[in-house]
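Visitor: Let chain A serve as the given structure and place chains B and C on it in line with the hints.
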Amino acid sequence: MEKAGFPIVNITAVPEVSTMLGLTRVLKGESIVNVLGNIKLSKEQEKRLRRKYVLRALEILKMDIKEKQVFTLEGKY
Amino acid sequence: MRLQIDQIEISDLKIGSKTHVSDHVLWVDFDELREIILQDDRIKAVELNIVHPGERVRIVNVADVIQPRCKIGRDNEDFPGWLGKIATAGRGRTRSLRGISIVLSNRHSKRAYSAIVDMFGIGGELSTYGSLKNISIAPTPSENAEERDFESAVKIAGLKTAVYLAQAAEGHSIDATEVYELNTPGLKKSNLPKVAYYYQLYTPQHDYQGISDPILYGTEVTNIFPTLIHPNEVLDGAVVNAQTVRGMETYSIQNHPVIKGLYKRHGKELDFVGVVIGVASMEPVQRKRMAMMAANLISNTLGADGVILTKVHGGMARVDLSLVAEACEIIGIKTTLLVNLGHSGISLAEGALFNSEYLNAIANVGQTLEKVRLPRADKILGGTDDTVIFNPDFVQRACNDTIEIEGFLLAGLYNYLGGAKVIAVDY
Amino acid sequence: MNQKKLRVMHYMNQFFGQEGHEDRADMKFLVKEGPVGPGLALQKILGEEGEIIATIICGDNYFAENIHKASEEAVKLIGPYAPNLFFAGPAFEAGRYGIACGAICKIVQERFGIPAITGISEENPGVELYRRDVYICRTERSALRMVESLSNMANLALKLISKEKGSKLVSGENIGRPSEDGYFSRGVVKNEHTQKATAERAIDILLVKVQGKPFQTELEMVNFGVIKPPAPMRKNLSLCQIALISDGGLVPKGNPGGLKARGNLVWSGYEIENFLPEDFSSANYEVAHTGYYSAHVLANPNRLVPADILRDLEKEGIIGKLHPIFYSTSGNATDYKRCGEMGEEILKELKNKGVDGAILTST
Numbered sequence: 884m885e886k887a888g889f890p891i892v893n894i895t896a897v898p899e900v901s902t903m904l905g906l907t908r909v910l911k912g913e914s915i916v917n918v919l920g921n922i923k924l925s926k927e928q929e930k931r932l933r934r935k936y937v938l939r940a941l942e943i944l945k946m947d948i949k950e951k952q953v954f955t956l957e958g959k960y
Numbered sequence: 061m062r063l064q065i066d067q068i069e070i071s072d073l074k075i076g077s078k079t080h081v082s083d084h085v086l087w088v089d090f091d092e093l094r095e096i097i098l099q100d101d102r103i104k105a106v107e108l109n110i111v112h113p114g115e116r117v118r119i120v121n122v123a124d125v126i127q128p129r130c131k132i133g134r135d136n137e138d139f140p141g142w143l144g145k146i147a148t149a150g151r152g153r154t155r156s157l158r159g160i161s162i163v164l165s166n167r168h169s170k171r172a173y174s175a176i177v178d179m180f181g182i183g184g185e186l187s188t189y190g191s192l193k194n195i196s197i198a199p200t201p202s203e204n205a206e207e208r209d210f211e212s213a214v215k216i217a218g219l220k221t222a223v224y225l226a227q228a229a230e231g232h233s234i235d236a237t238e239v240y241e242l243n244t245p246g247l248k249k250s251n252l253p254k255v256a257y258y259y260q261l262y263t264p265q266h267d268y269q270g271i272s273d274p275i276l277y278g279t280e281v282t283n284i285f286p287t288l289i290h291p292n293e294v295l296d297g298a299v300v301n302a303q304t305v306r307g308m309e310t311y312s313i314q315n316h317p318v319i320k321g322l323y324k325r326h327g328k329e330l331d332f333v334g335v336v337i338g339v340a341s342m343e344p345v346q347r348k349r350m351a352m353m354a355a356n357l358i359s360n361t362l363g364a365d366g367v368i369l370t371k372v373h374g375g376m377a378r379v380d381l382s383l384v385a386e387a388c389e390i391i392g393i394k395t396t397l398l399v400n401l402g403h404s405g406i407s408l409a410e411g412a413l414f415n416s417e418y419l420n421a422i423a424n425v426g427q428t429l430e431k432v433r434l435p436r437a438d439k440i441l442g443g444t445d446d447t448v449i450f451n452p453d454f455v456q457r458a459c460n461d462t463i464e465i466e467g468f469l470l471a472g473l474y475n476y477l478g479g480a481k482v483i484a485v486d487y
Numbered sequence: 541m542n543q544k545k546l547r548v549m550h551y552m553n554q555f556f557g558q559e560g561h562e563d564r565a566d567m568k569f570l571v572k573e574g575p576v577g578p579g580l581a582l583q584k585i586l587g588e589e590g591e592i593i594a595t596i597i598c599g600d601n602y603f604a605e606n607i608h609k610a611s612e613e614a615v616k617l618i619g620p621y622a623p624n625l626f627f628a629g630p631a632f633e634a635g636r637y638g639i640a641c642g643a644i645c646k647i648v649q650e651r652f653g654i655p656a657i658t659g660i661s662e663e664n665p666g667v668e669l670y671r672r673d674v675y676i677c678r679t680e681r682s683a684l685r686m687v688e689s690l691s692n693m694a695n696l697a698l699k700l701i702s703k704e705k706g707s708k709l710v711s712g713e714n715i716g717r718p719s720e721d722g723y724f725s726r727g728v729v730k731n732e733h734t735q736k737a738t739a740e741r742a743i744d745i746l747l748v749k750v751q752g753k754p755f756q757t758e759l760e761m762v763n764f765g766v767i768k769p770p771a772p773m774r775k776n777l778s779l780c781q782i783a784l785i786s787d788g789g790l791v792p793k794g795n796p797g798g799l800k801a802r803g804n805l806v807w808s809g810y811e812i813e814n815f816l817p818e819d820f821s822s823a824n825y826e827v828a829h830t831g832y833y834s835a836h837v838l839a840n841p842n843r844l845v846p847a848d849i850l851r852d853l854e855k856e857g858i859i860g861k862l863h864p865i866f867y868s869t870s871g872n873a874t875d876y877k878r879c880g881e882m883g884e885e886i887l888k889e890l891k892n893k894g895v896d897g898a899i900l901t902s903t
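Protein sequence lines, in the order shown, are assigned to chains A, B and C. Counted from 1, the first sequence has number 942 at position 59 by our numbering; the numbering is strictly sequential. Counted from 1, the second sequence has number 322 at position 262 by our numbering; the numbering is strictly sequential. Counted from 1, the third sequence has number 568 at position 28 by our numbering; the numbering is strictly sequential.
If you're looking for bench data, these hints aren't it; they were derived computationally from the structure. Where hints are given, some of them may not hold.
[Stated by the list, open to error] As a list, the in silico SDA-like pairs of lysine to any residue whose alpha-carbon atoms are at most 25 Å apart:
no., chain 1, residue 1, chain 2, residue 2
1, C, Lys-793, B, Ile-271
2, C, Lys-736, B, Asn-315
3, B, Lys-320, C, Leu-747
4, C, Lys-891, A, Glu-942
5, B, Lys-348, C, Glu-760
6, A, Lys-923, B, Asn-283
7, A, Lys-926, B, Gln-269
8, A, Lys-926, C, Asp-819
So that you can see chain A by itself, here it is in the shape it has in the complex:
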């Protein structure tokens, strides 16, 4: 989809694989079994965390990227 020029962001807990494949917009997720969740948090806290991820993903979709990157919630991987 990226090769066709479509803006897509991959949220994954194994960013190395995505990067190896050449993906340009990658956002590091929480964990493999729970990429946008965290069982240690309460339901509300978890939802807030997930919201942060989604907003970050949307932010990345609006970013002009020059070369492939892996992002985290706060900054770069």
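Guide: Chains B and C alone, transformed into the frame defined by chain A:
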């Protein structure tokens, strides 16, 4: 630390009125063995069978394969943490029986898939266990035995049997003596390259019910930081296989090919400086952290020039291993990894799942998903004719005219520790 | 030992079939008895092992412009001859001819279950299209070494037919590696017996590497290439339609789309309002993916497919719209090329529906 393993060659395995070894024949008193296994009140009953190569028998629901071993002159130190008290494995003397193995089945396993052992046909040829004389053990849980608890009981039954059989050979002549001695702090200076071994013990990615299997001195290892262990501990029962056989069994750990291989060349072509154990991580930052710490141990504490790395079954395990290797290479330690191909139908390179200029030295343990077609068995042990044998595409049962399984589920065919004489090649 | 002579058929284009040049590239199928053109050399090479009973000829354009139709026609013509071995070409660097050879060998193999061999040069598109399906012998670009190429093809064919047990682990076939037997890699990985166990080979490799000497790895890396980063979503976020995609294998209970838990090749689209409503129930889902522990996702599928957040953002006017279809696939030990195809297929739908950007969640 010095470990001596006294190997006794067993030429035949038979049922008898008294358990003993005479003239290399092991006679087993099934009543006595059954009694010992049933001491565990999680087990209601147990099926015991002896099988010989060539018999058209298929053992299913295989949860482990174990070599009979016992400590000599050390009371209650067999498989410490499982059977024995907490004690250091890998010192003193251990008796080992060659030519036979214990094939352990959990016929009530609810896990997605389990391994098989065929004693005949192409399965018998391909699997190392198909050419041994084996004792098949299949316990049945008591009514109130909890599922995971029963899995532990099954493992313990297997380990008890291992000790019981090895103890029966007391006084018998010894066919071969293996000595494993390594004293890293006291290593003399030499010009030989210093080689370490990174042993990825486990990955929690497939954890059944989200719970990790215990494997090190009787406990689970998920989330441990990389640490050091003496190679003798691995050879002598400190590490047992997890509760599923996937290209690895306790038997292969007891005969750890990388450790034995490094010992063989120690002082001749290399200096074997030690073993670092680690566990694959589920979380990206933790993965980097552990990889860094493992590399640091290998470099700063062991002073290695080179390191061999092995993994367990799993894609994430592969990614994790590659990060450890990369971390080592970046600080100047040369690496060679043992990895499998986990895809079928695509080339070696496409199936590699990692891509780094540092990972340029790889030995491959085979394409573990390549399917094997096995012929009809006359008898099923460890299950019934209807036991489902896992195939990703269709449902098949143990007694079908032919069954097709992925190689890693035929116990003894592939080995992640590098024990099999196999290689996957692009065709 | 072959008791009977093999019944061999040979495909070639209009030029080698001695029917004409580019002027006859449109010619339809024609079957001639016995060997023709290069077939005479092939017959000599086969000697007593086989007899070329017929030659099937076709124009390069006729075939390449409608591969499917032409392949089916060929099958109808070949069937009555009941060959047990088939050759095509060699095509050398001729592109349309190479494609025709690959296609006809593929269908002959499939329909008649007999070995079908051809010879093509490396950069010919026929190679990349068909090497996974068919044994394609490597030839040079020019047709100068015709006899050598035919010999290579014949040797490979006879090996395939021979019943000797080889070193392959599972099938015991007698075929050597691509470099040994002169054919293009089939893109298949096979296991072989070795003298030394992997552990020993690994230590051998490390000892050489540590000395700084050149060593041989048993697994080469592939470079997946550089992708130019797509331009960002240009519209104001509050006007954007965002789609959710996942390869974590989340499907409705019963897996109606038939996603495979490993080696999956398909994707499914689900109306997200029905699939993952606000008041979802874990009982309505399953995960078709054996590569991760799925309980957390099943307990709350939003952890994999964040529909809850996107719905909120839509209500709040932060995004324009959550695309009503969620695209689900399973990415466990999946063929890399097929993944690319699935991406293209899904993208088609997104473009049709005016989706501006997507979030793909992976496990």
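Visitor: Which hints, by number, does the structure contradict?
Guide: none
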